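Join these two chains into a complex; the hints should help.
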Amino acid sequence: MLWYKAWLETRWRFVIGLLLMLCCAAVVVFEYPSVVRLMQQLPAVAPDGEIGRRVAEEIRLSRQFRGFVWSHAFGQDLVTVGTFCSVILGVGGLLPRSAGDATLFTLSLPASRLQLFGVRAVTGLVEWLALAMAPAILISLLAPAVGERYGLGAALIHGACLFVAGALFYSLTLHLSAVFGDPWPPLLITLCLALALAIPGPLLHVPGRGFYGLMSGEAYFQGGRPPWPGLLGTAALSAVLLAGAFVTFRRRDV
Amino acid sequence: MEDTPAIATLDLRKTYGSVEALRGLTLEVPRGSIHGFLGRNGAGKTTTIKILLGMTRPSGGSARVLGRSADDPRASVEIRRRVGFVSEDKRLYDAMTTDEMLRFTASAYPAWRADLQQHYVRTFELRPGARVRTLSRGVRTLLALTLALCRGAELLMLDEPTSGLDPAMVEAVLQALVRHVAREESTIFFSSHQIAEVEQIADSLAIVHRGRVRAAGELDELLGRYRRLQLVFAGEAPPGFSAPGILRTRREGRTLTVFSSVGSDGLLDAARALGPVSVDVAPLNLKEIFLETVGTED
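Line by line, the protein sequences give chains S and A.
Residues 1 to 254 (the working numbering) make up the first sequence, in order.
Residues 1 to 298 (the working numbering) make up the second sequence, in order.
Isolated chain A (complex conformation) (with noise of 0.2 Å):
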């Protein structure tokens, strides 16, 4: 496996006439993981994947997908060739059979698997005969990801990969995930903005707001530092606390809350200092991360 991440963007930009979609994203994929890509709808998400496919060009910055400049029309072929993608539409050729639909894709990648083809149309129970204009939105997203994972990829890249399913396709399509990964040493790069999803499968992640990634890491290490201090007082609680770290404060009669994102440790003196009758630490789960993270410039 080489040293190279699997996606790194630099400063990205992308402008639609006076709307910026992107507004500097400094994003980085290390190989091997399954990386979560969490925002609100609107935050740059699939711009972003757009951009890393060759589909939309960037306004400026840099972006590189296994080790090879996305914006290269050369290279974004080559790239296309070892990525599997599958679009937020998930919109397929409808004249076509599901049969058809794989023997195309197939065409078109010469590392196709044909034993995990097999595999994934026993297990989604996709019908070799439907033409995709009658498939349900589900059959059809699951038609979408067989044909991106059994592109032989190095990188497969999800744009809300498990919309449309019901909750028993959810579990097992996020299992599939997991095992495609252990099994073919291959990275995932999924967007959405179902927490719980992230929370289940990725080990790290990156929060996009307003064209602009907020957080990002390793789940477990967001996970210990992210921290909410609440400070009760006897009386009105002070207007302000601010220190670096702090993500926002919420004031609230005699409780104030602060919410961190470099943990409690070097603000527990700085905040007894300020004589609260109660101090009380709690880790934040990913859900609070994410609304305190996407909330800040709201």
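Here chain S stands alone, though its shape is the one from the complex (with noise of 0.2 Å):
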């Protein structure tokens, strides 16, 4: 039951969260056909300087299918809005110091901290990851609508990255939400970062998306090769924090 509560708590998250995911999918593969007929009215410009070279890569992954979802799903939509949502997933933690919690009642159950922890902290993965994972198998099952193909197995790789990057800024937020006990300084300290880890490509002139390529799954899209490294080294920090927050709320006096 304490899965049930811990459900109850951010199902409304999670299924707003995944429809927000899932139209980010289907929009990018409806989009498709048109960005197609788009592309044959362009006339073969080449801009100079960054912004240039940045047109014309666009231009070349839009010419093929698995590239414009790479480009617009992967590495835009399904990125910003997956952020967002694991953000949120992880805010609230389990202390609240909000008027309407029962934090007093969850205590008293014959139920250790880690019992409740480790459910309220696995039940947002769970969550994290099916929100990763369903608007890359969506992709996959929506590409013949448009005369496309996209393997389940390549989507589904995207999608672990998806999960296991954006499981970082979950982490964060659990355990600064066992931390502050308040939803805000979380939810604004992990943004604040999220923002953070998207200034270097774009202003200071840094190839590749760094941390947001290995969420995208740059690597396995432009090389064939998942980027073990970032992932495990993700894995390994994400386990870090998450073991941070349950020492913190073990300690906490309610």
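These aren't lab readings, by the way, just hints derived from the structure by calculation.
Given the structure is predicted, the values throughout are model-derived calculations rather than measurements.
The reader is advised that the hints may include incorrect statements.
[What the hints assert, rightly or not] Short derived list, chain S residues pointing at chain A, Cβ under 10 Å: (1) 48; (2) 113; (3) 184; (4) 187.
[Claimed, not checked] Covered, in the sense of this in silico footprint (three residues per stretch, anywhere, with C-beta under 8 Å from a C-beta of chain S), are these stretches of chain A: (5) 68 to 79; (6) 84 to 90; (7) 93 to 107; (8) 266 to 273.
Don't be surprised by glycine CBs; every beta carbon is placed ideally from N, CA and C.
Okay, here's the thing in structure tokens:
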């Protein structure tokens, strides 16, 4: 029943997040035929500078369905919406200080703090896994509707990259929720970090997409190999943050 | 029934930053009793209960519940399995219905009493399909009590159990608690600042003030040993009168009022030696005992 309680507490965040993620995936797939038509009308332009290079890169990617999906879905929309969803799922933690919480009732149950924390953390992670994988699977299923193909295996690898990297934001938010109790500081700190991680590429002219490249599965798209070191490192960091959150929760007085 | 007390604390201390919530609280609650835990707001009642249930760690001293250390995380889970609890805020899960709350709580307690659930749902007129968030504070209190009473618990810890109830419901709840103890042979430890309620159902009590127990014992025994001596003098009353067991003295013109926690027999000779024109001895009721006890440091 602790699982049921955790589900009840997060279900609306999950359902709204799932709808948003599925919409992002569907829009990218059904947008592709019009993009193809637009590409045929485009003159062969090659503007100078960084912007020109990016436009040319975008045109090159969009000539293929796989490239368009990676660039727009896994590289932009799903990463952006997914980051926000993973943060929202982690907010609240276990000892919220809002007026409507039932912390004392929960802590009076014959369950250890490890059980209480574990159920909450795993529920959020499973929900985030579903949010990351569902749009990837949908892209693979919808592709034939626009006369294209997108391998399920490739979609799942991109989904897995999204999940593992996004789990870092989830774990950080849960960790900060254990520290602060109040939902706003974890939300703001993690979103600021997410924004900061987006800066290096465009502003500092650093090649690649940095952390969001890992999240989008850029290395797999470009080279066909999943970014194992990055994924393992991120997963390890998430595990450390979750362990830290548990230690904080175990020691917290109410 | 085991011989160990239901609750035993020794020199229990809790500090929040620079605030001392508990300053050496020593308490013993015998099994099978209804034990009132009286104190003003901020006296340390809720902090004590939180420590007993493992929600808060003590800064010092020891606390045992049903023979187990409340500070040991594993023992604390076992304690909570055998204890029913109603929190002061009566907060439950807003998203659940009454029925879901009952099923949720029942799943956590192997000794859950379905027969009592049926009984209390009917007695307190709880609507199974009503969402917790739509319940009034009074009905939420009744649901919280039902959740505690049906756990098959050996000990019930109730933090201000009747707050938010109208007088008729207060009476119904108090009667239900008395019947529950008699039928289930359980122990009730309830905090309150409603003196009349404690007087009505408690058979023992502790008065806590500023993190320490100031008075404790069987209710009848306490009522039997607290006395007020009123000494009237022909002229101005003498400034002081000190003897063991005197809680405080109050001097007003020709009258000296002495509050004693050890009866009056030992004090009468000393009082008469002051030369009063009259000495009047009267027992204190619980309200007076409480006010004189918690007022000793004010």
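| task | So, residue 48 (chain S) near chain A? Judge it on the closest CB pair being under 10 Å. | result | Violated, because the Cβ-Cβ distance from residue 48 (chain S) to chain A comes to roughly 57 Å (cut-off 10 Å).
| Are there three or more residues in the segment 84 to 90 of chain A whose C-beta lies closer than 8 Å to some C-beta of chain S? | holds (count 4)
| message | Taking beta carbons only, do three or more residues of the segment 266 to 273 of chain A come closer than 8 Å to chain S? | response | violated (count 0)
| Hint validity - residue 184 (chain S) Cβ closer than 10 Å to any chain A Cβ | Status violated, d = 20 Å.
| said: Using C-beta distances, would you say chain S covers the segment 93 to 107 of chain A, given that this needs three or more residues below 8 Å? | reply: holds (count 8)
| query | Within the segment 68 to 79 of chain A, is the number of residues with a Cβ closer than 8 Å to a Cβ of chain S three or more? | reply | holds (count 4)
| query | When the nearest CB of chain A is found for residue 187 (chain S), is that gap smaller than 10 Å? | reply | Constraint on residue 187 (chain S) not satisfied, violated at 21 Å.
| field | chain A contact restraint on residue 113 (chain S) - CB to CB distance below 10 Å | value | At 7 Å from the nearest chain A Cβ, residue 113 (chain S) passes the 10 Å test, so the hint holds.
In this structure, the earlier hints numbered 1, 3, 4, 8 are contradicted, and the remaining ones agree with it.
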